[in-house]
Amino acid sequence: MSRRTPRLDGRASASDRAARGFDRRAFLAALARAGLGAAALASLPPLARRAIAQAAAAGVPPELIVRNDFPEHLETSLQALGRSWITANSRFFVRSHFPAPEIDLAAWRLEVAGLVRQPLSLTLADLRAMISSDAIHVLECAGNGRALLPLASTSGTQWERGAVGNAAWGGVALADVIRRADPAPEAHHVWLEAADQAPLPGVPRFLRSLPLDKAMRDVLLAHTMNDGPLPKLHGAPLRAIVPGWYGMASTKWVTKIRLEAAPSDNHFMTKGYRYVAPGGDPAASPPVEALRVKSVITRPLDGTKLPVGTVRIQGFAWAGPPGVKLVEITNDGGATWRPAGFMGDTAPLAWRAWATEFDVLAPARITVSARATDHDDEMQPPGAPLNTGGYGNNSIHTVSFDVVA
1 MSRRTPRLDG
11 RASASDRAAR
21 GFDRRAFLAA
31 LARAGLGAAA
41 LASLPPLARR
51 AIAQAAAAGV
61 PPELIVRNDF
71 PEHLETSLQA
81 LGRSWITANS
91 RFFVRSHFPA
101 PEIDLAAWRL
111 EVAGLVRQPL
121 SLTLADLRAM
131 ISSDAIHVLE
141 CAGNGRALLP
151 LASTSGTQWE
161 RGAVGNAAWG
171 GVALADVIRR
181 ADPAPEAHHV
191 WLEAADQAPL
201 PGVPRFLRSL
211 PLDKAMRDVL
221 LAHTMNDGPL
231 PKLHGAPLRA
241 IVPGWYGMAS
251 TKWVTKIRLE
261 AAPSDNHFMT
271 KGYRYVAPGG
281 DPAASPPVEA
291 LRVKSVITRP
301 LDGTKLPVGT
311 VRIQGFAWAG
321 PPGVKLVEIT
331 NDGGATWRPA
341 GFMGDTAPLA
351 WRAWATEFDV
361 LAPARITVSA
371 RATDHDDEMQ
381 PPGAPLNTGG
391 YGNNSIHTVS
401 FDVVA
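Per the working numbering, the sequence shown starts with residue 1, numbered consecutively.
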């Protein structure tokens, strides 16, 4: 029988701005992995050459797993993920399409243009002077769990379970900025343009767009993270936070907002981030948008040893706009499921901490699975539907551990 348990640790009180640099050897290794030779170095623009020159930089915190080093793709270990309801900046996963841009804060402006009656050019001070908006939201990379899908190969970073985190974001509501620009009646989509760009020519810029109704409902333009300035690797000076959607929608290093009649035709909208079945057509495939309901077990870790007695199982669960309704646990291969108890803090479109306990009175090998259900009664499946991009893997998480005398 499940029992309710005490809350996890509280919110982190400050941001930490750990960032990585690259030396020449590491960068050349990255080029080689990408299929490029050292001769490509000379053809790179100043942005990439500066990244090589800046050799004296902080290293990656030990709680992060390096999945890619140019640009940084850093995954949170499950052990670190389970330490608190708020994921500290030093433990928060990092995913970028291109290297973090160098931005002159004094010259930076947020431009608002397109189908608006009042174009805007806002400084960071202008944004800070607006009515503030704060929210705690979970952010998950669309490719989280890609490495665990039973596919022969998938393009993209081979994330396991830790490309997710829950943070306190602060800034201004995107709706307030849009209202100030006075959108025209024919404006139905919001395009978010970013400052980052590929280090080699011919690669399209990263751009995402949102339906206007979503943009006006709950999207945040964040300039703080966990009560401190937004770190560079997380999109400083300004990023969008699109709650309830996968992380690619939460554009980093935002420099321009355009209101348009139609969705963006950018590569990352029309071909990328689509649930393409093997052999399918990206243009005819549904887009990756709302989070799928999901849970992870953060304690005990797979392969650990625990003493005979009371065994505690805990983790986090999250979902898209419907929110998480229930987490259940099985330790008999799915023959029976028991509800776990929610605990600690909660907020709309944040993740929920859960835990349960049961007694193991003799040494044994134990296998436990957790599944979450949202308020629309969507339940985590044993195996997520396959797609060529490896997106949205919300398969049930199972761990095995030994209970010893």
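Hints may be right or wrong, so weigh each one.
[Claimed, not checked] Simulated pairs of lysine-lysine, BS3-like, Cα-Cα distance not exceeding 25 Å:
| no. | residue 1 | residue 2 |
| --- | --- | --- |
| 1 | 305 | 214 |
| 2 | 214 | 256 |
| 3 | 271 | 256 |
It is worth saying that the hints were derived from the structure and are not from the lab. In this text the structure is predicted, and so the values were computed from the model without any measurement.
Status of each hint after checking the structure:
1. 305 to 214: violated (46 Å)
2. 214 to 256: Between residue 214 and residue 256 the Cα gap is close to 18 Å, so the pair holds against 25 Å.
3. 271 to 256: At roughly 22 Å apart (the allowed maximum being 25 Å), residue 256 and residue 271 satisfy the hint.
The structure fails hint 1 only (numbered hints given earlier).
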